[in-house]
Amino acid sequence: MRYLLLMHYREPAEGEISAEAIAEAMEAFGAYGRALEAAGVLVTADVLQPTAATTTVTRREGTLQVQDGPFAETKEALAGVFVLDVPDLDAAIGWAEKCPGAQWGVIEVRPAATTLVDGQWTR
Amino acid sequence: MDALTSGDGCWAAGPCPGGTGPAAQAAGLAARDSYGRLLALLSASTSDIAAAEDALADAFERALRTWPAQGTPANPDAWLLTVARNRLRDHWKSAQARRAFPLHGQQDSLIHTDDLDVDAIPDGRLELMLVCAHPAIERSAYTPLMLNTVLGFTAEQIGRAFSMPTSAMATRLVRAKKRIKAARIPFRIPDRGDLPARMAAVLEAVYGAYVIDWATTGPQARHLPSEALQLAEVLTRCAPGDPEAHGLAALVQLSASRAPARLDVDGRFIPLPDQDPSLWDSRLIDRAHEHLRAAHAQGRLGRFQLEAAIQAVHCARRGDGPTDWPALLALHRVLHAVAPSLGSGVALAAVTAEVEGPAAGLATLQALLEDAGQHARRFQPARATRAHLLDRLGRCRMRCGQVGTSRPSQARSTAKSGPSPCSACPPPRRTWPYTTRACS
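These protein sequence lines map, in sequence, to chains C and V. Each step along the first sequence adds one to the number in the numbering used here, with nothing skipped, and position 65 is 114. Each step along the second sequence adds one to the number in the numbering used here, with nothing skipped, and position 320 is 1275.
It is worth saying that the hints were derived from the structure and are not from the lab. Glycine included, every Cβ here is placed at the ideal spot set by N, Cα and C. Hints are not guaranteed to be accurate.
[As the list claims (entries may be wrong)] On the chain C side, residues computed to face chain V include the following (Cβ under 8 Å):
(1) Met50
(2) Leu53
(3) Asp137
(4) Asp139
(5) Pro160
[Claimed, not checked] Cut-off 25 Å, straight-line C-alpha distance, at most; resulting in silico cross-link-like pairs (SDA-like, lysine to any residue):
(6) C/Lys147 / C/Leu53
(7) V/Lys1136 / C/Arg159
(8) V/Lys1136 / C/Gln114
(9) V/Lys1136 / C/Glu146
(10) V/Lys1133 / C/Gly89
(11) V/Lys1136 / V/Gly1196
(12) V/Lys1136 / C/Trp153
(13) C/Lys147 / C/Val158
With these hints in hand, go ahead and build the complete structure from the sequences.
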């Protein structure tokens, strides 16, 4: 069963985090990624650009609206997505607690409802 | 929690034994035992409790229609499990379910009653209880979910016990079951590292079935909290090596044993020291002592064992002997060290007053309240204890013009001579239950 680990945390200001701390975090994410791959549970993983780089698109009102900035202005922003294929929630929670982002943020564990496989949405 | 007692024990899904005699009660208990076992087996592979409940309800309905004419099968549980599994298989094979679920070979195979030995199938109720108290479930749903799935009580019965409308309780149960299925909360015993924390949640939830008796209702007449007794017994059978499960069962049984003595003829509350011990249920007390011995054999002390030991000391007053306050003080000190809470601290202060005098009790209480902060001052048992101890001190001062002792030398002498704060005064009448609600 597919679970998404959604990392949320407060975006640091420019220069707020030292070069050593960034190197340390990258090392931790590197080890985490290798552990996910070694266990054969990783589908995809992306760490996102800050919300300053995001663009919001909608046709909800009938016409196309393109705006800069995130969908919701919140203190903690979506910062990364890991897609895992594991048997159950306990396994997903187990990986979420090992995620480096859990050290300074919150990991939302969410099961996928349906997935596009070979052009077909699974039921 | 009188809504769920054995006289009310007909559950919607199962056959109603009819009547409230011992045989009917035994039948009701056995049916409840089967309900949780069967539901655990039926929902384990998919985490879909709602579908398993529907299938089991269908099986019970068919039993009610066919058993009177054809006779009760030799192994009713196996019969019910087979019919329910076939119902589930039909559900999985239906067009709607085929789109919604992958088919599994094992689930898909036909099962015949003759091949099935229910006793050989492992009891999955501990896994079911662990699911009900999973950290991904809303905390307030733990206890209702256990009563509903493990014992088969309906939303209406549980709602009554929690003083909640049926619809609100039903919504809460449905939401929790949807979550279990959608998030795929597994029916599995967690790893050794996670197990203690998960078992603690299960124990808390079973304890919750017991304390709603005190927390949500007024002092009207009520029966034994039989559903909490049942849950605790089921838990000790599923986890016989867990000393805290035995401790919890003993705690619930010892507290319940005094229920017949808790109210006077007018329905007024009788404090523990004034209760007539001959009314206490000696069968429950004996059973509790069996659990305490089983817990002790494991050699791991814990909160529930300590609380049960405190209850056992209170129950030792049977035969009108004196209460062993020094033993209680030692137990309360360990309890407050192992599992400190506002309740355990207030109880410790009250028992300290019994052994070392009201001034020592007040000093203990004062230190506790200063550490605990603002909300502790509104904690009703703390205020009641404080008022009670001040009253005793005041009475003492009025009678002999001296304040009850807090000096160590006198404290030791009062420990021997009894609870009276100074030797000139007679012991005050005990009118307040000295420990927290579990002691009423």
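Going down the list of hints, with the structure as the test:
1. Here the hint on C/Met50 is kept, as its CB sits about 5 Å from the closest CB of chain V, short of 8 Å.
2. For C/Leu53, the suggested interface contact is broken, since its CB lies about 12 Å from the closest CB of chain V, more than 8 Å.
3. Hint on C/Asp137 holds. Least Cβ distance to chain V is approximately 4 Å, under the 8 Å limit.
4. With a cut of 8 Å, the hint placing C/Asp139 at the interface with chain V holds, because the nearest CB-to-CB distance is about 5 Å.
5. The restraint placing C/Pro160 at the interface with chain V holds, with a minimum CB-CB distance near 5 Å, inside the 8 Å limit.
6. Our distance criterion of 25 Å between C-alpha atoms is met by C/Lys147 and C/Leu53, whose separation comes to about 14 Å.
7. Only pairs whose Cα atoms come within 25 Å are accepted, and V/Lys1136 paired with C/Arg159 is accepted, the gap being roughly 13 Å.
8. Under the criterion of a C-alpha separation no larger than 25 Å, the hint pairing V/Lys1136 with C/Gln114 is inconsistent with the structure, at around 38 Å.
9. Note on V/Lys1136 and C/Glu146: the hinted pairing holds, with a Cα-Cα distance of about 22 Å set against a maximum of 25 Å.
10. With a C-alpha separation of about 28 Å, the suggested pairing of V/Lys1133 with C/Gly89 is violated against the 25 Å cut-off.
11. Taking the CA atoms of V/Lys1136 and V/Gly1196, the gap is about 30 Å. The hint is violated against a cut of 25 Å.
12. With a C-alpha separation of about 30 Å, the suggested pair V/Lys1136 and C/Trp153 falls outside the 25 Å cut-off, and the hint is violated.
13. The hinted pair formed by C/Lys147 and C/Val158 meets the criterion: a straight-line CA distance of about 13 Å does not exceed 25 Å.
Hints 2, 8, 10, 11, 12 from the list above are not met by this structure, while the remaining hints are.
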